[in-house]
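Trainee: Okay, here's what each chain looks like letter by letter:
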Amino acid sequence: MLVTATLQDLETSISKEIPDPNGKQREQLFELSFSKSQLERKIANLPMNADAKAMLSSLAKRIVKVGETVLRIGQKFLELVFRLNDEYGHLSFGEVICLMVEKMFQFAPFVGQILGPLLLNFLTTIGQVIAGQGAMVDAALQTRVSVLLNVFEPFRHLT
Amino acid sequence: MTVSSDLAKVDQVVSNDIKFRAKLQIGESAYGTLRAQASAKDLWILANSVFVGARIASLPAFAATGSSSAFAWTGLSMFAAPVVTPILTVVAAGVFAGGAYYGVSRLMREYTSNRVDVVPKFINTPIDVLAVSLFDVICPLALKVAASDRMIVKEERDVIAEYFTDLWGYDPKFVEPAMAAVEHHLDSFSVQQMTQDLRLLTKENPDCNHQKIRDGVVELLSEIGHADGVFLPAEKQMIDDISDGLLGKTWAKSALPNWMSRAGKE
Numbered sequence: 007m008l009v010t011a012t013l014q015d016l017e018t019s020i021s022k023e024i025p026d027p028n029g030k031q032r033e034q035l036f037e038l039s040f041s042k043s044q045l046e047r048k049i050a051n052l053p054m055n056a057d058a059k060a061m062l063s064s065l066a067k068r069i070v071k072v073g074e075t076v077l078r079i080g081q082k083f084l085e086l087v088f089r090l091n092d093e094y095g096h097l098s099f100g101e102v103i104c105l106m107v108e109k110m111f112q113f114a115p116f117v118g119q120i121l122g123p124l125l126l127n128f129l130t131t132i133g134q135v136i137a138g139q140g141a142m143v144d145a146a147l148q149t150r151v152s153v154l155l156n157v158f159e160p161f162r163h164l165t
Numbered sequence: 214m215t216v217s218s219d220l221a222k223v224d225q226v227v228s229n230d231i232k233f234r235a236k237l238q239i240g241e242s243a244y245g246t247l248r249a250q251a252s253a254k255d256l257w258i259l260a261n262s263v264f265v266g267a268r269i270a271s272l273p274a275f276a277a278t279g280s281s282s283a284f285a286w287t288g289l290s291m292f293a294a295p296v297v298t299p300i301l302t303v304v305a306a307g308v309f310a311g312g313a314y315y316g317v318s319r320l321m322r323e324y325t326s327n328r329v330d331v332v333p334k335f336i337n338t339p340i341d342v343l344a345v346s347l348f349d350v351i352c353p354l355a356l357k358v359a360a361s362d363r364m365i366v367k368e369e370r371d372v373i374a375e376y377f378t379d380l381w382g383y384d385p386k387f388v389e390p391a392m393a394a395v396e397h398h399l400d401s402f403s404v405q406q407m408t409q410d411l412r413l414l415t416k417e418n419p420d421c422n423h424q425k426i427r428d429g430v431v432e433l434l435s436e437i438g439h440a441d442g443v444f445l446p447a448e449k450q451m452i453d454d455i456s457d458g459l460l461g462k463t464w465a466k467s468a469l470p471n472w473m474s475r476a477g478k479e
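Sequence order for the protein chains is V and R. Going by my numbering, the residue at position 5 of the first sequence is 11; the numbering climbs one at a time, nothing skipped. Going by my numbering, the residue at position 37 of the second sequence is 250; the numbering climbs one at a time, nothing skipped.
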């Protein structure tokens, strides 16, 4: 199955072949927890500056075409971040996103390639850097991050 | 059903966030990057204006007319070189051109903001937090004015509720119980304190246009004063005091009867 991502800000398009995702994988990948307006509301209520919020909103609009189906990959990633942030309330949104980004680059480099430029800009704006936070958190949290990122399993072997 | 249990069921504070963001009237200054960009652009054009002004002043044609006429009345023109403008005149012309540009650009900006509302897509403060903070200071003030004749009538409540829901985009499901909660504790609010809090909040928070919010609140208070068909001198006095307090003027506490400055329902 062909996966195509058009990155308008970088004026480039990436196409890769992946094995057809099975039923469960498709469900996990395409099912969204929030409507667009619900996600915008969650972003609007984050304690960070307006520039950073606007970047997250752009990230949420990032899509890829998986076969003939459009996957809102940016929103999917943000939903995972919000879920982890809700579960681990003592971590800031920036810390959570650092953990997720770091793990995602290892787990699914293809997804990192699509979301990376926007995410790294966002992290710079909020003054966060990826500095091996993954190794410093407890094992339970590391496992939880891996479990959440499993939704991107179909892209796992893509680089 | 208690007021607090009604409030506990509230899902959202603002139901129309576009209205809310528009009402803050901060335009694109919500974004640090755009603010920096605008300042850099202003500085660049200002510097160019100063340079062009100075350049024109130093032209021989200007020197021939400008400098001689400028010095003629002093009787010193005979000492001035015929085609060289004195350096002070060049500097003055540059400063004048820069000043004129700055004044005109400010006027143009004000003129534009009066005709077009720029609504930022996001603000810096979490939107629900800012909404609750503003409600917490505006609502008691509004209810105090409504209660200044010792009775809050339905028309006054309607004006206040519509102000929050129709103008600011608050969720009616929040406004109704929240207003009831504020009214329940109205005796504990001081008009002076609330006025100072509102002034501080809107002046310190970069997501608030203090002047526009202040004008809007004073307009609301006047509307409440007229809502029951009778505009009492006591109501006018309280509105004037709040208006002055929002402007940062000294609080004329002595003008208010004690029962009015402390309580709404006695």
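Rather than coming from a laboratory, the hints here were simulated on the basis of the structure. Note that the structure is predicted; figures quoted are calculated from it, not measured. Any given hint could be a false lead.
Said to hold, decoys possible - A few chain V residues that face chain R, going by a derived Cβ cut-off under 7 Å, partial list only: (1) 50; (2) 53; (3) 56; (4) 57; (5) 59; (6) 60.
As the list claims (entries may be wrong) - Subject to a maximum C-alpha distance of 25 Å in a straight line, what follows is the list of computed DSS-like cross-link-like pairs (lysine-lysine): (7) V/48 <-> R/236; (8) R/386 <-> V/42; (9) V/67 <-> R/232; (10) V/48 <-> R/222; (11) V/30 <-> V/109; (12) V/67 <-> R/334.
To be verified - The following residues of chain V were derived to be distant from chain R, with all beta-carbon distances above 12 Å: (13) 58; (14) 62; (15) 63; (16) 89; (17) 144; (18) 146; (19) 153.
Just so you know, even glycine gets a beta-carbon here, dropped at the ideal spot from N, CA and C.
Trainee: Out of the numbered hints, which ones does the structure contradict?
Mentor: Hint check: 13, 14 and 15 fail, others pass.
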